[in-house]
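Undergrad: Read off the chains here:
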Amino acid sequence: MKTLEEIENLSLEELEQKAAETAAPVPDGLERRLREALAARELAEAARPRPARWIPYASLAVAAAAAALVALPQRGPKDTFDDPLLAYAEVEKAFQTISDKMSVGMDIVREAEQTADMPYNTLNKIQK
Amino acid sequence: MKRIIILFAALLLTFSAFAQNGKSIYQKYSDAENVSAVYVSPAMFRMIGRIPDLEVGEENVNFSSIIRSLTGLYILNSENASINSALRADAERFINAGKYELLMEAKNDGEVVRMFTMGNDKTIEGFVMLSAEPDEVTFICLDGQMSRKAFDELLATQMNK
Chain A
1 MKTLEEIENL SLEELEQKAA ETAAPVPDGL ERRLREALAA RELAEAARPR PARWIPYASL
61 AVAAAAAALV ALPQRGPKDT FDDPLLAYAE VEKAFQTISD KMSVGMDIVR EAEQTADMPY
121 NTLNKIQK
Chain B
1 MKRIIILFAA LLLTFSAFAQ NGKSIYQKYS DAENVSAVYV SPAMFRMIGR IPDLEVGEEN
61 VNFSSIIRSL TGLYILNSEN ASINSALRAD AERFINAGKY ELLMEAKNDG EVVRMFTMGN
121 DKTIEGFVML SAEPDEVTFI CLDGQMSRKA FDELLATQMN K
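Quick note, the sequences are listed as chains A and B, same order.
Under this note's numbering, the first sequence has 16 at position 16, and the numbering climbs by one with no breaks.
Under this note's numbering, the second sequence has 15 at position 15, and the numbering climbs by one with no breaks.
You may find that some hints are simply not true.
Claimed, not checked - Here are the simulated BS3-like pairs of lysine-lysine, each with C-alpha atoms no more than 27 angstroms apart in a straight line: (1) K78(A) - K122(B); (2) K28(B) - K93(A); (3) K28(B) - K99(B); (4) K23(B) - K99(B); (5) K149(B) - K93(A); (6) K122(B) - K28(B); (7) K149(B) - K107(B); (8) K122(B) - K99(B); (9) K78(A) - K149(B); (10) K23(B) - K93(A); (11) K149(B) - K99(B); (12) K18(A) - K2(A); (13) K28(B) - K149(B); (14) K93(A) - K78(A); (15) K122(B) - K93(A); (16) K78(A) - K107(B); (17) K122(B) - K149(B).
In case anyone wonders, no lab produced these hints; they're calculated from the structure.
Could you put the whole structure together from the sequences, leaning on the hints where they help?
TA: Here you go:
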């Protein structure tokens, strides 16, 4: 065993020579553990979501859909009638339908009014 | 991949909600079985508006002011039980998504009629009537810039016929 002073007096070449002579012992299973650790790291890397991959594509899809919606002409349905008089007749029929349905509502209101007036009228008759 | 699918589903929902209007409802159901459909375009309304003083019954009512202000009429009358509930739901979604106000609601013998208008005190920009019976649904949608006063007068005239 060399003293600290002896070690300090050794030259660089002598130190390298001594280090090469005494190889450090490798712990058991170190290689296997290193391999496992590397494999686990690779798996974790692969499993981690990479937003940078799909965000540009998704953004492009959104932009394209929005552009299509705004820029493309909105194709409307085909006119049911070619003749304005026939179309007019249908418009009038539509207004008639709306009025008929509204009349149903008005009839209910009138009936409700009559029912609401009944006690008042009865009281009036009694008072007379 | 899962995120992409969720994103596209959200996109589709957004666009479908955005596109919900009288025209889209008409296009969705007009070709279905047992559905009668009528569409009158703005161009046709302009042509009708050129017809001088149109006759309604025995009276001469000048329809032209209202007709000229209309830009679209969509009518769907469905007796197809398999689509009635979907048509009704779509129409209600469209009404709720817009700035429609309930004008009238009447329930009578299983029939529910609701009328909605959109606009202000002077102008009606949209009118929707949704009538639902157990086996029939009627959807009428009018688009335009109608004078509320003229619209009311027209309906009153028709009601007195």
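Undergrad: Confirm or reject each hint.
TA: Okay, the hints, checked on the actual structure:
In summary, the hint linking K78(A) to K122(B) is not supported, as the alpha carbons are separated by about 31 angstroms, beyond the 27 angstroms threshold. With a C-alpha separation of about 23 angstroms, the suggested pairing of K28(B) with K93(A) holds against the 27 angstroms cut-off. For the proposed pair K28(B) and K99(B), the alpha carbon gap of about 22 angstroms is at most 27 angstroms, so the pair holds. Between K23(B) and K99(B) the CA atoms are separated by roughly 17 angstroms; this keeps the pair inside 27 angstroms, and the hint holds.
Between K149(B) and K93(A) the CA atoms are separated by roughly 20 angstroms; this keeps the pair inside 27 angstroms, and the hint holds. Between K122(B) and K28(B), the direct Cα distance comes to roughly 32 angstroms. Violation of the 27 angstroms bound is thereby established for this hinted pair. Straight-line distance between C-alpha atoms of K149(B) and K107(B) comes to about 26 angstroms, which keeps the hinted pair within the 27 angstroms bound. With a CA separation close to 16 angstroms, the supplied pair K122(B) and K99(B) stays within the 27 angstroms bound.
Under the criterion of a C-alpha separation no larger than 27 angstroms, the hint pairing K78(A) with K149(B) is inconsistent with the structure, at around 31 angstroms. The suggested pairing of K23(B) with K93(A) holds, with an alpha-carbon distance near 20 angstroms, which does not exceed 27 angstroms. At roughly 20 angstroms between alpha-carbon atoms, K149(B) and K99(B) fall within 27 angstroms of each other, so this suggested pair holds. Proposed proximity of K18(A) and K2(A) is supported: the alpha carbons are some 12 angstroms apart, at most 27 angstroms.
For a cut-off of 27 angstroms, the pair hint linking K28(B) to K149(B) is broken: about 33 angstroms separates their Cα positions. Straight-line distance between C-alpha atoms of K93(A) and K78(A) comes to about 20 angstroms, which keeps the hinted pair within the 27 angstroms bound. Our distance criterion of 27 angstroms between C-alpha atoms is met by K122(B) and K93(A), whose separation comes to about 24 angstroms. A hinted pair counts as satisfied when its Cα atoms are at most 27 angstroms apart, and K78(A) with K107(B) does not qualify at roughly 34 angstroms.
Pair hint K122(B) plus K149(B) holds up; C-alpha atoms about 7 angstroms apart against a cutoff of 27 angstroms.
Hint compliance for this structure: hints 1, 6, 9, 13, 16 are broken, all remaining hints hold.
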